[in-house]
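Each chain, letter by letter, is given below.
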Amino acid sequence: MRYTFLLYSNPADFANLTPEDWAKEKEVYGAYIGALNQAGVFVSTDWLQPVETATTLTMAGGKRQVQDGPFAATRETLGGYFVIDVPDLDAALAWAEKCPAAQYGKIEVRASAMDSM
Amino acid sequence: MSPGERAAHVARSSYGRLLAILASRSGDIATAEDALADAFRLALEHWPKNGVPDNPEAWLMTTAKNRRLDVMRRAARSPVTTVEELPDFIDDVEEPEDIPDRRLQLMFVCAHPAIDAGLHTALMLQVVLGFEAADIGRSFLVSPAALQQRLVRAKRKIKDTRIAFVIPARSDMPERLASVLESIYGAYALSWLRDATAQDMTGEALYLAKVIAGLMPQEPEVLGLCALLSFIHARQKARGGHQVYIPLHEQDPSQWDAKLIAGAEKLLVQAAQTQNLGRYQLEAAIQHAHMLRVRDGATNWRVILALSEGLCRMFPTAGAHAERIAAIAEVAGAEVALNELERFQTSLESVFQPVEALRAHLLAKLQRVDEARQSYSKAISVTVEPAVRQWLQRQADGL
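Protein chains in written order, with this note's numbering: chain U, 14 to 130; chain R, 8 to 406.
If you are wondering where the hints come from, they were derived from the structure by calculation, not from laboratory data.
Where hints are given, some of them may not hold.
[Said to hold, decoys possible] Within a straight-line C-alpha distance of at most 30 Å, the following computed DSSO-like cross-link-like pairs (lysine-lysine) qualify:
hint: 1; chain 1: R; residue 1: 266; chain 2: R; residue 2: 217
hint: 2; chain 1: R; residue 1: 164; chain 2: U; residue 2: 119
hint: 3; chain 1: U; residue 1: 119; chain 2: R; residue 2: 266
In this text the structure is predicted, and so the values were computed from the model without any measurement.
All chains should be built: construct the whole structure from the sequences, respecting the hints.
Structure below.
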């Protein structure tokens, strides 16, 4: 089963980072990706542009509506995702717990809907 | 020792002592850290040129205090002292015995209930041992930037809400001490990905445990924790590093650190004299019993069962139950143990890796091969440590 981790974090934690700081961030995430790869569960990941650049689209009401901005504005915003492929939710949660973002933000775990389609 | 090595040596043993003194009155850890970092930097500049002072701690202390004064003067736009005002080799500064050890107070501040429990360990590693957030983040796979922000906020809270640098009152002591010990234990347990590039913090956790055992020798649980970490750390070399996982019963006891074991045994005896048993003493005693059993067959499984039953009554974690059920398997057989395990498993909210791995082991012992195979793959799916996953896979392949 594929599971997607949606990584919510507070952008204030990452304001004013120097290139060296970013290198350290990448190193930690690189180690996590390495661990997922080694376990053979890694599918995909991405680091997202800041939420200010978000565009929200809806077709609700039968009409295409495009809006500048994110879907919901809270302190935490969506900053990235991981897709992993593991047998069940227990295994997905075991890995979500180890994601660096879990220590300071929130991770939304979503099972893939592809298999049920 | 070269001046550089001398500075590094002084740094480890003195950092927390000096920081505790610098920060205790104002409660301002961040400013004290900056001043102390300046003092260490100046030491590295001056000691190689002029020689290491007779009393390096006092030199660092005086320099840090001067630097902090500079910062305050600069803030007040008044004249600034210069580097020439660095202390001359120790006439007008405090003697080492004049520098009291307030690291204990500092540890109680770091593990204060008003500070997010998830930060206690990192805060202690930073302010008592002087580690940078980036190093802590790399060791525990936590975002360095986010950790840094949270540590800054915690230190600001300590200052702004005036969390006092004191030893807790007797009535608060059990709870407050428990959270200090928990965060030291946490430093040992946190490193899940045994990556060669990350700094191994287990030695630092043991160091913290030794410091607090030296400062509170009257507290049996403090001695118990120090004994526990010593027993575990003594096996580090025999455990196979980060590449492979060698469980205790497959280890070569001649690779264990005999000196560390002897020290831990002494601590346990010392703790037992208070006749006040606790979680860490019991966990240490269980580790000790396992090691004696493997090394010279001196302990039997009944002793381990009795100890783990005691631990379950006192501190009923899932790990303690796994320990108890493993001992039942040896004393009463795999069938009895499996029944007990499955009964216990229904009380768990989620899959607990050690319990599932034990279940697979028991099923294998009972020759229930298909179920064992299923159970192993379940256990493997929730195991994140690569070496442990490989070991479990080998067990499954051997069915």
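Taking the hints in turn, this is what the structure says about them:
Among the hinted pairs, residue 266 of chain R with residue 217 of chain R is consistent with the structure: their alpha-carbon atoms are about 14 Å apart, no more than 30 Å. For the hint pairing residue 164 of chain R with residue 119 of chain U, the CA-to-CA distance comes to about 23 Å; that is within 30 Å, so the pair holds. Between the alpha carbons of residue 119 of chain U and residue 266 of chain R the distance comes to roughly 44 Å, so the proposed pair goes past 30 Å and is violated.
Consistency note: the structure conflicts with earlier hint 3 alone.
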